[in-house]
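> Chain by chain, the residues run as shown.
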Amino acid sequence: MAASCPVLLAEGLNIHFHTRRGVVHAVDDVTFDIYPGEIVALVGESGSGKSVTSLSIMGLLPRIGHIAGGRLVFQPAGHAPVDLAAAPERTLRKIRGGGIGMIFQEPMTSLNPAMTVGEQIAEALVLHHQADRRAAVARAADLLAAVGITRPQERVGSYPHQMSGGMRQRVMIAIAIACRPALLIADEPTTALDVTTQAQILEILKQLRRDTGMAILFITHNLSLVEAFADRIMVMYAGQMVECGNARDVMMAPRHPYTKALLDCLPVRHLGMKGDAARPGLPTIPGHPPDLAHRPAGCAFAMRCGRAHDACRTGHPDLQMVNAAHGHATRCIAWRGMNVAAGA
Amino acid sequence: MSAAPLLSVRDLGVTFHAPRTLLGRRARNVQALDKVSFDIHAGEIVGILGESGSGKTTVGRCMVRLQRPTAGHISFEGCNIQALSGADPGWYCRQVQMIFQDPAASLNPRLRVRDIVAEGLDIHRIGTRESRREAVIDLLASVGLGADALMRFAHEFSGGQRQRIGIARALAVGPRLIVADEPVSALDVSVQAKVINLLRSLRERLGLAMAFISHDLPTVMFLCDRVIIMYLGRVMEIAPIGAFRMQPFHPYSRTLLALAPGLRQGGEERIPPTPDHSTAAPDLHHGCAFRNRCPHGTAACATVVPPMKQITPERWVACLRPEIFHDAC
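First to last, the protein sequences are chains A and B.
Here the first sequence is numbered in the working numbering, starting from 1 and rising by one per residue.
Here the second sequence is numbered in the working numbering, starting from 1001 and rising by one per residue.
Honestly, the hints are just simulated from the structure, not real lab data.
No residue lacks a Cβ here, since even glycine has one placed at the ideal position from N, Cα and C.
A hint or two may mislead.
[Unchecked claim] Computed far set for chain B versus chain A, every beta-carbon distance over 12 Å: (1) 1004; (2) 1039; (3) 1067; (4) 1141; (5) 1150; (6) 1188; (7) 1193; (8) 1201; (9) 1220; (10) 1245; (11) 1252; (12) 1256; (13) 1261; (14) 1263; (15) 1323.
[Said to hold, decoys possible] Only part of the chain B face toward chain A is listed, based on derived beta-carbon distances under 8 Å: (16) 1194; (17) 1196; (18) 1260.
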């Protein structure tokens, strides 16, 4: 975080999808930065644009989608900046799996069932570092050890189906970090895993961050997961960044009504010490997210927000600084009057 | 809880026989459930909590007779559900219904909502044609859907609404026990809260009992009265939620509580070492299923299968050394 130059800077990012229902504004004017060694969580529900944002960084948007505006400046230490939004496919190919590693939710579908895991890890090294095949397989064993797989020398010869879900996700991480990326994008990497395995994978990611200084963009729908894991949290809703700040600030004193409502929905925040049946129900968020092909005027959350007033339904709220020193900002014009206490 | 239980599971075992491979070799059989016993009482919500491979879904499938046990039995109000004959299987179907995890995959895409919800009523010939139509409208209203849903198809609804349709279908025949297999884990957080509230209100309104199968400890702790902790096909612990939160007895329960995001408190248990999956699960014929991850294991843990011990009138634990935590409280 001390480094002066962000490894990734997204500036005014707009992503459009052309569908039969019209143009869907999946990502709307999103700006953020990630510094070396930082773990930044991008949190949102389905349709919030979090995965689309991550795909655009890798240049992997589906054909109907495109970056309609903004810049995605990737600058690993000691390299010239590249605007990923404008870079040709050839450049992107070098960066994918090279400067930027990526891990996905389902490790089974992301691995090739017909290749040993050693070959799959070596593939990245051969492709990006022109490594000798034999040396690459040897290095693959080191990488498996680095992600906590025991007896890596034997494991390089295993096929994905011979491994458990947690092991496969470790293999995915080994592939992603093979070329020492400056940035690792992790899209729901632990969602399909058991809690005990999940805790181990998060521990490995933290360890790698400490050892290599890589930055991690962690995409998830699970707010309670990122509280202890991320340095900063960015909350997305309806294609917009609605709140960002230190993990602690956002979790303990959210300044956007959506963030607060989402936190209040979590059962974990409503557990008394006794399991009594008279407990009231969970708070819920009324209504649905807006149709992104026909975005309403004003704040995207206004129609579901108990605090909305007339000014919220006209004009577009900009990000307002809550605490400049902490980088805490919210896209709510009425944040000052918010009661941040849980359940309030 | 002194009254006779609604449903009793006793020494339930399910072994999946591995098919022969192309070369005629037999792979190992999988013991999905091993001597599982518990009760569910009328009107209570029991959480069945476990990780993948714990057998929690298999227990649920046995409870609705989708899976035939290879050992033990389940009785509902004293009737062995495997021994039902004549019209009795139909009677049992009306008593116990199921809600599935994936609401998109568990609703027939070619049927209108009206027909999905009414299917049980039609099969069991409950009421007249006219009264069934009324019943469907009432059922949809009880799960928060309007009559405009009647003629639509499942794909026209969001994930949360589809799960409501699945719940309405389960309620149609007037069951007394609902088996809900991960009913909210495929839903967004804000939608989960709505479905959890709905399940709770149904219990209060209709006095339903529920087996809530889940891997998410905070949700189970919020919704359920009691919890059954499963690991590799065995029950590790049974406890009322409040007592469980204060003092889990089994080392595996303690691990789960320590790892649940947001529940972590001081005095955190260490993350147990990863079981090395190359050596696969421990030999389940001898010893405790959790022994190679347990920080408190002894030599006896590798040879003796821990029996379920009753620690207090409402608490059971399958550990040879429950005193290590029990004495502490």
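> Please confirm whether residue 1256 of chain B is truly not at the interface, meaning its C-beta sits more than 12 Å away from all C-beta atoms of chain A.
It is violated; residue 1256 of chain B is separated from chain A by about 6 Å at its closest Cβ, not greater than 12 Å.
> Does residue 1039 of chain B really sit off the interface, with its C-beta more than 12 Å from all C-beta atoms of chain A?
holds, 17 Å
> Say whether it holds or is violated: residue 1245 of chain B keeps its Cβ farther than 12 Å from all Cβ of chain A.
violated, 7 Å
> Say whether it holds or is violated: residue 1323 of chain B keeps its Cβ farther than 12 Å from all Cβ of chain A.
holds, 24 Å
> Would the non-interface assignment of residue 1220 of chain B survive a Cβ cutoff of 12 Å against chain A?
Given a closest Cβ separation of 9 Å, the condition is violated.
> Holds or violated: is the Cβ of residue 1263 of chain B farther than 12 Å from all Cβ atoms of chain A?
violated, 6 Å
> When you look at the beta carbon of residue 1193 of chain B, is every beta carbon of chain A farther off than 12 Å?
Violated: least Cβ distance 4 Å, not greater than 12 Å.
> Hey, does the residue 1260 of chain B contact hint survive, CB to chain A under 8 Å?
With Cβ-Cβ at 6 Å, under 8 Å, it holds.
> Against chain A, run the beta carbon of residue 1196 of chain B and see if the smallest gap drops under 8 Å.
holds, 6 Å
> Is it the case that residue 1067 of chain B keeps its Cβ farther than 12 Å from each residue Cβ in chain A?
holds, 22 Å
> Taking 12 Å as the cut and beta carbons as the points, is residue 1201 of chain B off the interface with chain A?
Its Cβ does come within 12 Å of chain A, the nearest being 7 Å, so this is violated.
> So is residue 1150 of chain B really clear of chain A, every C-beta pair being over 12 Å apart?
holds, 20 Å
Of the numbered hints listed earlier, those contradicted by the structure are 6, 7, 8, 9, 10, 11, 12, 13, 14.
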